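Enquirer: On the provided structure of chain A, position chain B as indicated by the hints.
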Amino acid sequence: MVAVQHVGDDRTAGNAARNLRNRRILAHAAIFVILIATWEIASRLGWLDPLFYPRPSNIMRSFWLIYVQNGNVWYHLGVTMSLVFMGFIGGSVLGIVLGSLVGLNATLRRFLKPYVIVLEATPRIAVAPLLIAALGFGVTSKIAIIVLVCFFAPFINTLSGVMNVNAEKLELFKAMGASKWQILRKLVLPDAIPVIMAGERLALTAALSGALVAEFIQRDQGIGSLILVYTRNLNMASAFACIFTLTILGFLIFRGMEIIDQYIAFWKHEGGRDRVSAKRRAAMGPQT
Amino acid sequence: MTDARMPTGTLILDRVLRFIPHAILLLLLIGLWELAARIGWITSIMIPRPSAIGAAIFKLYITEGTIYRHFFITLTEAVVGFLIGASVAVGLAVASSMSEVFKRYVIPYAVVLNVTPGIALTPVIIAWFGYGMGSKIALAAILCFFPIFVNTLTGLVQVDEDREELFASLGASPRQVFAKLRVPAALPLLFAGLKIGLTTALIGAVVAEFAQATDGVGVLMSRFSFQLNMAASIATLLSMTVIGLLLFYTMEFLDDRIVFWRRESRRAAASRAAARTWLGQLGK
Numbered sequence: 001m002v003a004v005q006h007v008g009d010d011r012t013a014g015n016a017a018r019n020l021r022n023r024r025i026l027a028h029a030a031i032f033v034i035l036i037a038t039w040e041i042a043s044r045l046g047w048l049d050p051l052f053y054p055r056p057s058n059i060m061r062s063f064w065l066i067y068v069q070n071g072n073v074w075y076h077l078g079v080t081m082s083l084v085f086m087g088f089i090g091g092s093v094l095g096i097v098l099g100s101l102v103g104l105n106a107t108l109r110r111f112l113k114p115y116v117i118v119l120e121a122t123p124r125i126a127v128a129p130l131l132i133a134a135l136g137f138g139v140t141s142k143i144a145i146i147v148l149v150c151f152f153a154p155f156i157n158t159l160s161g162v163m164n165v166n167a168e169k170l171e172l173f174k175a176m177g178a179s180k181w182q183i184l185r186k187l188v189l190p191d192a193i194p195v196i197m198a199g200e201r202l203a204l205t206a207a208l209s210g211a212l213v214a215e216f217i218q219r220d221q222g223i224g225s226l227i228l229v230y231t232r233n234l235n236m237a238s239a240f241a242c243i244f245t246l247t248i249l250g251f252l253i254f255r256g257m258e259i260i261d262q263y264i265a266f267w268k269h270e271g272g273r274d275r276v277s278a279k280r281r282a283a284m285g286p287q288t
Numbered sequence: 001m002t003d004a005r006m007p008t009g010t011l012i013l014d015r016v017l018r019f020i021p022h023a024i025l026l027l028l029l030i031g032l033w034e035l036a037a038r039i040g041w042i043t044s045i046m047i048p049r050p051s052a053i054g055a056a057i058f059k060l061y062i063t064e065g066t067i068y069r070h071f072f073i074t075l076t077e078a079v080v081g082f083l084i085g086a087s088v089a090v091g092l093a094v095a096s097s098m099s100e101v102f103k104r105y106v107i108p109y110a111v112v113l114n115v116t117p118g119i120a121l122t123p124v125i126i127a128w129f130g131y132g133m134g135s136k137i138a139l140a141a142i143l144c145f146f147p148i149f150v151n152t153l154t155g156l157v158q159v160d161e162d163r164e165e166l167f168a169s170l171g172a173s174p175r176q177v178f179a180k181l182r183v184p185a186a187l188p189l190l191f192a193g194l195k196i197g198l199t200t201a202l203i204g205a206v207v208a209e210f211a212q213a214t215d216g217v218g219v220l221m222s223r224f225s226f227q228l229n230m231a232a233s234i235a236t237l238l239s240m241t242v243i244g245l246l247l248f249y250t251m252e253f254l255d256d257r258i259v260f261w262r263r264e265s266r267r268a269a270a271s272r273a274a275a276r277t278w279l280g281q282l283g284k
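Here the protein sequences come in this chain order: A and B.
Numbered by this note's numbering, the letters in the first sequence go through residues 1 to 288 in order.
Numbered by this note's numbering, the letters in the second sequence go through residues 1 to 284 in order.
These are calculated hints, taken from the structure and not from any lab test.
None of these values were measured; they are calculated from a predicted model.
Mixed in with the good hints, there may be bad ones.
Said to hold, decoys possible - Lysine-lysine pairs mimicking DSBU-like chemistry, simulated, CA-CA at most 30 Å apart: (1) Lys180(B) - Lys59(B); (2) Lys180(B) - Lys195(B); (3) Lys268(A) - Lys169(A); (4) Lys113(A) - Lys195(B); (5) Lys195(B) - Lys268(A); (6) Lys174(A) - Lys186(A); (7) Lys268(A) - Lys174(A); (8) Lys103(B) - Lys268(A); (9) Lys186(A) - Lys268(A).
Stated by the list, open to error - Going by beta-carbon spacing under 8 Å, a handful of chain A positions derived as facing chain B: (10) Pro50; (11) Phe52; (12) Pro114; (13) Val116; (14) Leu130; (15) Ile132; (16) Asn166; (17) Ser209; (18) Gly250.
Glycine included, every Cβ here is placed at the ideal spot set by N, Cα and C.
Next comes chain A alone, as it looks inside the complex (with noise of 0.2 Å):
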């Protein structure tokens, strides 16, 4: 009876939380429309200007023309995010890669450190125009400068995490008599990777970054080339759709490396560990 009166509390308790929650997403659901409504009808009293302010109902329609109409997005959609993952990879994994060897050796890691500075100090992405000159129009500039813009954040942070060891850790494992690799392999490398995967994460948002810089310099194909052709031709309702579109890009990769840090770093999360113990449980099950 008791047990049955607490379910029934908890019950409500939910219910009150679920409410509250569905009341505060109507709340902000209202002032989105309220905003959006308000831009629309000052646009058509004329307070802002069509021209350089596109409408709501412009800027919907043109997502339908660019879409489904013309469909000529998908294109330029698909161009650019292929460099953003060639560029991605390449990069990150060159950070990574540098980054732990730089990390583990003292003696490279005195002698790098102030071109390290530097480079950090450097736009890197400035260095476009350079590498456009050196590589030429096309493909290979553009994943060389998403390289280079990509590459920095997975190294500066894999060397960070590699140098971060925790000492009676590494005590311990020295007392038991663990080799250097096994030191890398079961300390260095779990403590490090989630800094390693924040790493990566702001990667990720350069190398899109560095793919639109690449392309609105080249203004050849990629969705960076394609608002630029829409702003230069004042068709700024189209320039939003795309602007829009790589918003919703954006929340898609961050949603993206999200899952994926927490499958890789599942410790981290309560989820993921429990995940992994029952599969290893599953695992031992039928041997014992």
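Expert: Structure of chain B alone, referenced to chain A:
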């Protein structure tokens, strides 16, 4: 602490001795590069000789002096954009830390702004603010907004619970809690955000210059690159590095002075100064 006790002479000597291998390595690398170019191992015009880069720097800075105007224009754009973006970000962060409701309604928009690559706005910003400095300042402000906002808000909200309880039990007013507990706790993170923001503001200014401008280091850079004048464009790139270092070390210096309690030596200096004040008052 050890720094303070060590005689300054040996300290400087130690620094110089440490510096020598770095300098030798750098000279060796540059020498090798120059040699390789002269012998003909590196024939590409894309990789200029160090001496050519040196000559380009000399020309840009001394004989022609063209760089200064562009240098200061970019610097101004980045700094003004940074100041605008940072004040908006800090203001919104302070307001959100004070009001739960305000925070709830601001954060979704801040997140949307964060996941949109700000650089994608470049053409639109140029259409809105024109080809002059305004568009560069605007892009710099937009790009540096989010890191500063997030860092300040995190700093203001994450307060040690024990300390908060101590403040409450000593009967501190909300204003005192804010000024004496939240702000000092937030300052290190705020400065971390400001440092990131300053770098991104510089990136914003330079990218906007690439897209469309008449003055600035970014324009100089793309102009030299497309003339295949690699030595001059590398010299320009080095000036961007100088701007970056200048901004970074200014921030580092401010950080060091304002958040003095995080650094051992500064803490010692501050407590000595405090002790002097107290001794003076006792002597009266």
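Enquirer: Hint by hint, say whether it matches the structure.
Expert: Now for the hints, and whether the structure bears them out:
{"no.": "1", "hint": "Lys180(B) - Lys59(B)", "in the structure": "violated (53 Å)"}
{"no.": "2", "hint": "Lys180(B) - Lys195(B)", "in the structure": "holds (23 Å)"}
{"no.": "3", "hint": "Lys268(A) - Lys169(A)", "in the structure": "holds (18 Å)"}
{"no.": "4", "hint": "Lys113(A) - Lys195(B)", "in the structure": "holds (19 Å)"}
{"no.": "5", "hint": "Lys195(B) - Lys268(A)", "in the structure": "holds (28 Å)"}
{"no.": "6", "hint": "Lys174(A) - Lys186(A)", "in the structure": "holds (12 Å)"}
{"no.": "7", "hint": "Lys268(A) - Lys174(A)", "in the structure": "holds (25 Å)"}
{"no.": "8", "hint": "Lys103(B) - Lys268(A)", "in the structure": "holds (27 Å)"}
{"no.": "9", "hint": "Lys186(A) - Lys268(A)", "in the structure": "holds (16 Å)"}
{"no.": "10", "hint": "Pro50", "in the structure": "violated (13 Å)"}
{"no.": "11", "hint": "Phe52", "in the structure": "holds (6 Å)"}
{"no.": "12", "hint": "Pro114", "in the structure": "holds (6 Å)"}
{"no.": "13", "hint": "Val116", "in the structure": "violated (12 Å)"}
{"no.": "14", "hint": "Leu130", "in the structure": "holds (5 Å)"}
{"no.": "15", "hint": "Ile132", "in the structure": "holds (7 Å)"}
{"no.": "16", "hint": "Asn166", "in the structure": "violated (22 Å)"}
{"no.": "17", "hint": "Ser209", "in the structure": "holds (5 Å)"}
{"no.": "18", "hint": "Gly250", "in the structure": "holds (3 Å)"}
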